[in-house]
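I would like the entire structure built from these sequences, with the hints used as guidance.
Chains as they are written, first to last, in the numbering used here: chain A, 40 to 364; chain B, 40 to 364; chain C, 45 to 416; chain D, 45 to 416.
FYI, nobody ran anything at the bench for these hints, they're computed from the structure.
For glycine and all other residues, C-beta sits at the position ideal for the given N, C-alpha and C.
Mixed in with the good hints, there may be bad ones.
Looking from chain D toward chain C, a few residues come up when the C-beta cut is under 8 Å (computed) [what the hints assert, rightly or not]:
1. Ser221
2. Asp224
3. Asn226
4. Val230
5. Pro253
6. Gln257
7. Asp267
Here's the letter readout for the chains.
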Amino acid sequence: MSAETLSLSRAMNEGLRKAMEHDPKVVVMGEDVGRLGGVFRVTDGLQKDFGESRVIDTPLAESGIVGTAIGLALRGYRPVCEIQFDGFVFPAFNQITSQLAKMRLRSLGMLELPVVVRIPFGGGIGAAEHHSESPEAYFTHTGGLRVVACSNPSDAYTMIQQAISCPDPVILFEPKRRYWDKAPVELDLSRAAPLGRAVVAREGDDVTLLAYGPMVKTCLEAAQADGSRSIEVVDIRSLSPLDEATVLSSVRKTGRCVVVHEAPVFSGYGAELAARVTERCFYDLQAPVLRVGGFSTPYPPSRLEEHYLPDLDRVLDAVDQTFAW
Amino acid sequence: MSAETLSLSRAMNEGLRKAMEHDPKVVVMGEDVGRLGGVFRVTDGLQKDFGESRVIDTPLAESGIVGTAIGLALRGYRPVCEIQFDGFVFPAFNQITSQLAKMRLRSLGMLELPVVVRIPFGGGIGAAEHHSESPEAYFTHTGGLRVVACSNPSDAYTMIQQAISCPDPVILFEPKRRYWDKAPVELDLSRAAPLGRAVVAREGDDVTLLAYGPMVKTCLEAAQADGSRSIEVVDIRSLSPLDEATVLSSVRKTGRCVVVHEAPVFSGYGAELAARVTERCFYDLQAPVLRVGGFSTPYPPSRLEEHYLPDLDRVLDAVDQTFAW
Amino acid sequence: MTIDAARGRPPGTVAESPPELVRLLTPDGERVEHPDYDVGLTAEEIKGLYRDLVIVRRLDAEALALARQGELAVWPSLRGQEAAQVGSARALMPGDMAFPSYREHGVAWCRGVDRVRVLCSFRGINHAGWDPREHNLHVPTIVIGSQVLHATGYAMGVQRDGTEDAVIAYFGDGASSEGDVNEAFVWAAVQNAPIVFFCQNNQWAISEPAERQSRIPLYRRADGFGFPGVRVDGNDVLACLAVTRKALDNARSGQGPTLVEAFTYRMGAHTTTDDPNRYRLPAEVEAWQLKDPVERVRAYLLKSGTATGEFFDEVEAEAQDAGSDLRRQCLALPDPDLDELWDHVYAAEHSLLADERARFASYLGSFDEVSR
Amino acid sequence: MTIDAARGRPPGTVAESPPELVRLLTPDGERVEHPDYDVGLTAEEIKGLYRDLVIVRRLDAEALALARQGELAVWPSLRGQEAAQVGSARALMPGDMAFPSYREHGVAWCRGVDRVRVLCSFRGINHAGWDPREHNLHVPTIVIGSQVLHATGYAMGVQRDGTEDAVIAYFGDGASSEGDVNEAFVWAAVQNAPIVFFCQNNQWAISEPAERQSRIPLYRRADGFGFPGVRVDGNDVLACLAVTRKALDNARSGQGPTLVEAFTYRMGAHTTTDDPNRYRLPAEVEAWQLKDPVERVRAYLLKSGTATGEFFDEVEAEAQDAGSDLRRQCLALPDPDLDELWDHVYAAEHSLLADERARFASYLGSFDEVSR
Ligand SMILES: Cc1ncc(C[n+]2csc(CCOP(=O)(O)OP(=O)(O)O)c2C)c(N)n1
Ligand SMILES: Cc1ncc(C[n+]2csc(CCOP(=O)(O)OP(=O)(O)O)c2C)c(N)n1
Ligand SMILES: [Mg+2]
Ligand SMILES: [Mg+2]
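In structure tokens form, the structure reads like this:
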């Protein structure tokens, strides 16, 4: 059988395992990824099965994690770094932005850094400060990186393997609050969409919702809940490079577009989607591309996050606006 | 007399001096800001006149510069940090994003951090790697920060003083390649525009150019060079918060808009301007808001930068497109 | 692919029970002398420390229970570290400034923070519950290591003010690996800043033992930067107080920074979301149980006849009351106001936030009219 | 506002002429013994080192001239640091990997990099001129400290490969303050990685003297992390070679990292855009002139009768040729192709870049038709 029902966390774990079995150069490194198996259990059991030299409990320093991963990659390894929570990637920002992203150009293509940086992201789990952020826009603005986000167990399973085999550095965002959602996982990689491809998660005719990561499920539920309109949901999957063809053909069909992400709207990734879609589909649009997202504030204490985070109602409210425009 | 002709670097120096004379709590810190007076001479002579305790040559560590500046601010000081070049702000990114920007919210407004982080930015000076970047979008997406950019000596003189007296943390971008441009400086602060305000740098009727920092001059030259159309140039000045009123009224008047910055277009600050202007002026726009900027690559070696950087021709080419749409 | 045995693991590791440990009170409550350190404490003062220890432990236990019952989103227990926190915090003068991480509930107690305020952030109603200036205790910092630079900068401010205040920065064994902490050591040494770096080495950084951070005792990190480092028995409240007080005095008198490594143990899970059984053995916990920071003071007070059963009963009763009061106050905590999403982001009005706030209000308003 | 004198400045500073300096050749060319270090070098080998020093200095001078004439955008001269670079680099085995900063032109020479390739990035035609794998010399790193973590990770890879290679990371006195460098020390110690941290303390980080970075000698930083640190006379090529070789051998044999501080001096400006007269006195430069790394070898070769005038003339002639050849090749360097803007950003085709490339091509094409 080629499908199995797994949680997103478990699917990611299985994908990692597959990659490690397939290529002895794949090493996993990060805080608590070894004996503990990661705070979200994504690396559960890997150290036991592959040993301490391939699953490394690192010192508590993110710049060190990415910086040494770069060195390992230069020696021919394929490191997979786990950043424990979104809010803790910033100590590594310098290594990611100025080294990981730029090494290939710097070396005229003589060096490549097949490094994967896994970042559990997003809120909705009632966590403490710094544990619910959506920093993707800081990376999509950085040439040299591939930035992808999975929204379901099947993509988790395939994307991690595709990311590891990708010769470019990949920032992989994992939807924290969906780690325990279960779904059938397609185990046959050849059937999966390529890493750079967006997919239509739900077909519709009247309006296009663009989302990725945790918001895909929210958008699907909104589309489901809306009786009056036929809503198409596109799972962006690859934030950089963006699969324009899939996005634009959807918007050209529907003539309306709403972008949804948890990150603050201001200067967020949704701005790029809105600007690009508008430029390419100017005459197709019945209304401006609207953006639904977090406010332009730091992530609030968890008792306020329900108001901060886009939900079904806020998505449909934006849909209403595009029709009322 | 209330006006004096100064270079942008010198105007910034005079503004700093004024602020230090006016408030003994103002301290300047950074690499080579003391005896050397900064690599761009912006702090020239300040250590001699105000002493080593107020003009601090720090260890070579940017996270330490911003992190200790935060501590000084908590003790009641008003630190002005110099980041030597744009590409070297990333080691401080964690302190800026998770501490400097968030401390006020974290403390329910009980703490404030009147810290200014000065960042010489942009290219066009034939410099080595990491010395020509435009990282503003990484900061405009971060709630809690004010992000401003000066484009001329007068604004340099006033903005640095306004930034220092601002109770919020301010990231001040300084147009590196314009440091030696001279212009009359308005010394009477009361006549200057507030920190958060955009200004119409040149009036026009047919199309609006939105720019900030080094690109303002480029846009003014383009507007000047174009005989056939009446081009309005808006100097954004405050990237966050954005002075929407000034921007929108200009675009509503002209019906066309081109955004210009040196930073990569993809997921750059221009995306926010384009998305916001489009949403607010949907029916006023004769053509989509177009963006002119750097390519989605790391900054190239200097012998290629003339192609990478927007210039008069690329700006006017975009203007042509908005009329041909 | 394997690691060549000869090259794979570090030769040295953090010593289990190191000789260089400063101790004034043995695990079974014997007062011992130390050539460099003494605490001139009266019997009453020692009884006061005992009271602190017992109440701090009780409040921690209550918070832990509240977390287990879902009244707190998460709780990082300090159990086992009471002496390190009470001893160091009681060495502070009122004007001294302390920069905590997220586990310093015992420090908050000593700085006079209203007990329920410590729970606010863990209940998710705000990010930090108390006024840092009222208590000279900075807000908690979750991003590992960041506050150590803030403390160093603050100490630079103290130098410039020319006052005699000192600063203490709390952080953990794991934090010692972060670049920020080491940059703080660079700064403090070069600036000769009046600061005490107080590292609670509780042996674990979540699931990672201290030897994943350093192959030599952590207090020796200071040698690399040119200021003194000392390891103190972190379960000995008297030693922690004496060592911290001396370090603070040195800071005051212009002798610059000191690194204090309080050798202690995290008796519980990292937080209520953690399961230590996945990475450590019960035997290790039991061994440390014998070095309990509270019991040894109780034993001393008894043996030395400094305190009677009556005293212990009083303290116990007070602790019980404190615990139930904490629970009562916690459950009574009001949820935050919606406006707090925007209220404290900027000092002055901010056009963008004002716009967001207004739009969201009218959005919420729309539900009153129609409902989907 | 003033800094209280007693508290403001650090008590200790970097010692000027420290006793613990490892030296095998005095400034006036006397061979001296050292208990722990010796270089079993033949006369020919020492003459080879002299040749390296002279040619490296000559190439540097030529590049400096090219920069002054505007043929290079900028040039960071290594003058004064020839022995530190040649000595350490000549200690490397072919399989060893070196991670330079931006000033290691002498290391590039020893690693066999075609001389003109070193100039490419300073001429602005690319960011790095040579193939790192061909020479086992990584590309230059400009962001201070970053490469030290790369080197450490690379060394972890060597451990996993189980080979006998060693790694050397070059950085400066200023870099020692960056978090990344200290994190590299943490990693290397815990992993016991086969690496040599080679710090060229040239006394200055642009305008800041070394005491702005540390109040104790930099080699002692290693004490804080649990591995050996040694200070070597950075102007003594024999000592630099001996000390580095021993450290590399220790790395190979599973004894982990070593920090080598090469105590030397930056004789010139930081780069051609810097003006040292703003921050240091000529007297300091003159004092170091007497410790010149090239002259002392020449003096030794003469005194010991190891070399005659003829040899010196040959080397001088060869250096002159190398210099003129460098200039010739530099001026002949082709400008980069427009496509290099996009060619090497990603391995595979990238829709966004392909789009940008195509649009820009048609934009350029538009000029052929009409011109404004
Ligand atoms: C920069 C950063 N990385 C990771 C984390 C996640 N995290 C929270 S606590 C912790 C372990 C800290 O260990 P230690 O410093 O010893 O303090 P302790 O929890 O033992 O008191 C980690 C990795 C964080 N909060 N910040
Ligand atoms: C992260 C970072 N900050 C600042 C700079 C600017 N800068 C270039 S060289 C230099 C001084 C470096 O001093 P040192 O480490 O002693 O090396 P040296 O130049 O003396 O060889 C500085 C501050 C940089 N390149 N990178
Ligand atoms: Mg710990
Ligand atoms: Mg130096």
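Here is what the structure says about each hint:
1. Interface hint at Ser221(D): satisfied, since its Cβ lies 5 Å from the closest Cβ of chain C, which is below the 8 Å cut-off.
2. Below 8 Å, beta-carbon pairs count as interface contacts, and Asp224(D) has one with chain C at about 6 Å; its hint therefore holds.
3. About 4 Å separates the beta-carbon of Asn226(D) from the nearest beta-carbon of chain C, less than 8 Å, and the hint is met.
4. Against a cut-off of 8 Å between C-beta atoms, the interface hint on Val230(D) holds, since the closest Cβ of chain C lies about 5 Å away.
5. A hinted interface residue such as Pro253(D) counts as satisfied when its beta carbon comes closer than 8 Å to some beta carbon of chain C; here the least separation is about 11 Å, so the hint is violated.
6. With its C-beta approaching chain C no nearer than about 7 Å, Gln257(D) sits inside the 8 Å limit, and its interface hint holds.
7. Interface restraint check for Asp267(D): the shortest CB-CB distance to chain C comes to about 4 Å, inside 8 Å, so the restraint holds.
Checked against the numbered hints given earlier, this structure breaks only hint 5.
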